[in-house]
Structure formats: structure tokens, C-alpha cells
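**Q** Sequence:
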Amino acid sequence: MNTKFTYTDKKDTRSGFGDGLLELGRTNPNVVGLCADLTGSLKMGAFKKEFPERFFQVGIAEANMIGLAAGMTIGGKIPFTGTFANFSTGRVYDQIRQSVAYSGKNVKICASHAGLTLGEDGATHQILEDIGMMKMLPHMTVINPCDYNQTKAATIAIAEHEGPVYLRFGRPSMPIFTPANQKFEIGKAWKMVDGKDVSIFATGHLVWEAILAEAILAEKGISAEIINIHTIKPLDEEAILVSVSKTGCAVSAEEHQINGGLGESIANTLVRNNPKPLEMVAVKDSFGESGTPAELMKKYGLSAENIVAAALRAIERK
Numbered sequence: 004m005n006t007k008f009t010y011t012d013k014k015d016t017r018s019g020f021g022d023g024l025l026e027l028g029r030t031n032p033n034v035v036g037l038c039a040d041l042t043g044s045l046k047m048g049a050f051k052k053e054f055p056e057r058f059f060q061v062g063i064a065e066a067n068m069i070g071l072a073a074g075m076t077i078g079g080k081i082p083f084t085g086t087f088a089n090f091s092t093g094r095v096y097d098q099i100r101q102s103v104a105y106s107g108k109n110v111k112i113c114a115s116h117a118g119l120t121l122g123e124d125g126a127t128h129q130i131l132e133d134i135g136m137m138k139m140l141p142h143m144t145v146i147n148p149c150d151y152n153q154t155k156a157a158t159i160a161i162a163e164h165e166g167p168v169y170l171r172f173g174r175p176s177m178p179i180f181t182p183a184n185q186k187f188e189i190g191k192a193w194k195m196v197d198g199k200d201v202s203i204f205a206t207g208h209l210v211w212e213a214i215l216a217e218a219i220l221a222e223k224g225i226s227a228e229i230i231n232i233h234t235i236k237p238l239d240e241e242a243i244l245v246s247v248s249k250t251g252c253a254v255s256a257e258e259h260q261i262n263g264g265l266g267e268s269i270a271n272t273l274v275r276n277n278p279k280p281l282e283m284v285a286v287k288d289s290f291g292e293s294g295t296p297a298e299l300m301k302k303y304g305l306s307a308e309n310i311v312a313a314a315l316r317a318i319e320r321k
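Position in the sequence shown (first residue = 1) + 3 = this note's numbering.
One or more of the hints may lead you astray.
What follows is a set of in silico ranges between Cβ atoms, one per label pair, in the way DEER data are often shown [said to hold, decoys possible]:
#	residue 1	residue 2	range
1	Asn31	Gly304	38 to 44 Å
2	Gly43	Glu292	23 to 29 Å
3	Thr30	Gly107	21 to 27 Å
4	Gln101	Arg316	39 to 45 Å
5	Gly224	Gly48	46 to 52 Å
6	Gln101	Glu163	23 to 29 Å
7	Ile63	Gly190	19 to 25 Å
8	Asp97	Glu319	40 to 46 Å
9	Glu53	Glu123	28 to 34 Å
10	Glu319	Ile77	51 to 57 Å
11	Glu53	Lys301	38 to 44 Å
12	Glu188	His142	17 to 23 Å
13	Asp197	Asp97	41 to 47 Å
14	Glu319	Asp12	47 to 53 Å
Since the hints were made in silico from the structure, they are not lab data.
Note that the structure is predicted; figures quoted are calculated from it, not measured.
By construction, the Cβ of each residue, glycine as well, lies at the ideal position given by its N, Cα and C atoms.
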């Protein structure tokens with residue numbers, strides 16, 4: 004199986020966040036970091052060491068962290084908050100809604116250990132609803148990059164964006180397959196492979212699985228178009244509609260609940276503009292469980308093979 008992309012290294016996307024934050028610290032004196040007792044897990048240690056006066060360890064007090072961050076924006080600071088995705092959203096939804104989104108504050112909510120690939124910590128920590136929760140908030144931008152390089156680029160880019168942002172990334176080491184010098188454009192989808200038979204829209208860790216799926220489909224004589232939807236809100240509707248107008252059917256792939264995620268946003272776009280068959284690869288309305296990331300991705304249907312099967316179903320429905 005030959006893919007159009009190769010990789011020579013693997014690295015966790017949370018390290019992309021940590022390295023991007025450190026670079027921002029060196030170039031933008033208004034950037035500050037706040038963490039809820041998970042500095043090591045969020046890879047914020049280098050920023051803390053180099054800029055101790057701009058780092059605030061709030062302890063296990065996530066709601067307080069969001070409130071502090073919102074207040075700091077009034078003085079012109081650009082706060083990056085860091086904790087696990089479950090605590091970044093579910094535990095502090097009221098504070099995000101009232102103090103950040105409703106108030107339009109320039110807070111960057113940075114969330115690690117998202118989705119099933121958190122692994123052995125189990126269902127209580129494997130939040131699969133966070134994209135839906137965040138994308139429904141007015142004024143909130145939602146970003147879910149695919150590898151270390153794209154996460155680093157996204158971290159740097161959101162500092163220049165005025166307004167609240169939810170940046171989602173993960174724990175496990177994943178292939179690095181995008182360029183180190185890429186320019187991250189918020190709200191602009193990235194066509195990674197051109198195709199004519201089916202459009203595959205993937206986000207986060209599922210982008211690599213989509214690339215693997217494209218190679219499998221190619222062996223079957225099927226030409227799949229792979230589009231990296233790193234920004235779920237604002238959604239690049241033009242890119243989606245142009246692709247589906249060409250291929251006539253689509254697949255969405257995400258490490259999230261089927262309800263409220265990327266697939267739902269794509270379905271909304273298609274039904275309003277150009278109804279075409281859409282198959283969704285996502286967690287089917289269930290919580291996760293303890294296991295290795297690979298075991299869980301396979302059990303809950305988030306593998307390249309599942310994307311291939313969804314593509315075949317979508318093509319059959321044309």
C-alpha cells in the first residue's frame with residue numbers, strides 16, 4: 004500500500020502546542036500561560052521556565068482559570084489556558100459561555116488528551132462531546148489539527164486571531180506528515196489529495212487514517228479526495244461544496260461523537276446547498292473505556308478500514 008504522504012517521525016500533538024506556545028512567548032510579550040495543575044501533561048514547562056512571570060499555575064481550579072483568563076484580556080493580555088479537554092470544556096462550560104464567549108474575550112482555550120486516544124485513563128476522561136459543545140457557542144472558533152507540525156502552526160496562528168478559540172489536541176505519538184514551515188489559515192480547509200469518486204473530510208487524528216484509507220481505495224480503483232478540516236468553526240463550506248459537487252458523495256471522519264461533531268456540520272452544509280450521500284465515521288453515541296489508543300480506535304470504528312467501508316457505502320448511494 005503506497006500513500007501520497009510519508010513520515011519519518013512520530014510525536015504527540017500536545018508537544019506541538021507546547022513548542023508553539025514557547026515560540027509565541029519569545030515573539031509576543033502579551034502572551035501568558037495558565038494551567039490547572041497539568042503543566043507537564045500540557046507541555047507548558049518550557050514556557051514556564053523561560054517566562055515565569057507570565058505563567059500562572061492555578062491548581063485544580065479550572066473554573067477559576069477561565070475567569071482569570073477572561074479578566075487578563077481586559078488588560079491586553081492573550082491568555083492560553085491549558086488542561087485536559089474534559090476539564091477544559093465539560094467542567095467549565097458555564098464560565099466559558101458567560102465570561103468568554105458571551106463577552107467575546109480573547110481567550111485561547113487549549114485542550115489536550117481529547118477523544119478516545121487518551122487511552123488507559125478511560126471513559127471519565129475521554130471527552131467525545133467537546134467539539135459540539137464549543138462549536139455551538141457564538142463567537143467561538145474551533146480548531147482540531149492533525150499532527151505535531153500543524154498543532155504548532157495553529158497555536159502560533161490563534162494568537163493573531165482576535166476572539167475566543169478552542170484548540171483541541173491529543174496525547175499519543177502520531178505520524179508527522181505535514182510541513183514544518185506551513186502557514187496555518189484559520190477557516191481554510193486543506194485539500195491533501197485530489198480525487199473524483201468520493202470526498203473524505205477528516206479532522207484531527209483521523210486525517211492520517213483518511214490518508215491510509217485513500218491508498219486502500221486506490222488499490223480498488225477508487226479515487227478519493229482527502230480534505231483536512233482542521234477548522235471546524237468557521238467551517239470552509241466552499242471547499243466542501245466544491246469537492247462534493249465533483250465527487251457526488253462524502254465521508255466525514257472524526258474522533259468525536261457522531262452527534263454534534265464535524266459530520267453534523269458537513270451534513271448541515273450539504274442539506275442546505277447540495278444534498279448528496281454522506282457517511283459518518285465517528286463514535287456512535289457511546290462513552291469510551293480503558294484501553295490502548297490503537298485498541299480503542301479499532302473497537303469504536305475509527306480506523307482506515309472503517310473509512311474505506313464508509314466510502315464504499317457513500318459511493319453505492321450515489
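**Q** Does each hint hold? Answer for all of them.
**A** Hint check:
Judged by the Cβ atoms, the range 38 to 44 Å given for Asn31 and Gly304 holds: they are separated by roughly 41 Å. Checking the proposed 23 to 29 Å range against Gly43 and Glu292 shows it holds: the Cβ atoms sit about 25 Å from each other. Between Thr30 and Gly107 the CB atoms are about 25 Å apart, so this pair conforms to the stated range of 21 to 27 Å. For the pair Gln101 and Arg316, the beta carbons lie near 42 Å from each other, so the given range of 39 to 45 Å is met.
Gly224 and Gly48 have their C-beta atoms about 50 Å apart, which keeps the hinted 46 to 52 Å range intact. A C-beta distance of roughly 25 Å is found between Gln101 and Glu163, which places it inside the suggested range of 23 to 29 Å. In this structure the supplied range 19 to 25 Å is violated for Ile63 paired with Gly190, their Cβ-Cβ distance being about 34 Å. Asp97 and Glu319 have their C-beta atoms about 45 Å apart, which keeps the hinted 40 to 46 Å range intact.
Distance hint for Glu53 and Glu123: a CB-CB separation of about 32 Å, consistent with the stated range 28 to 34 Å. Between Glu319 and Ile77, the C-beta spacing of about 55 Å keeps the proposed range 51 to 57 Å intact. Taken as a hint, the range 38 to 44 Å holds for the pair Glu53 and Lys301, whose Cβ atoms sit roughly 40 Å apart. Evaluation of the 17 to 23 Å hint for Glu188 and His142 yields a pass: the beta carbon distance comes to about 19 Å.
Under the hint 41 to 47 Å, the C-beta atoms of Asp197 and Asp97, about 44 Å apart, fit the expected range. Under the hint 47 to 53 Å, the C-beta atoms of Glu319 and Asp12, about 38 Å apart, miss the expected range.
Going through the hint list in order, the structure does not satisfy hints 7, 14.
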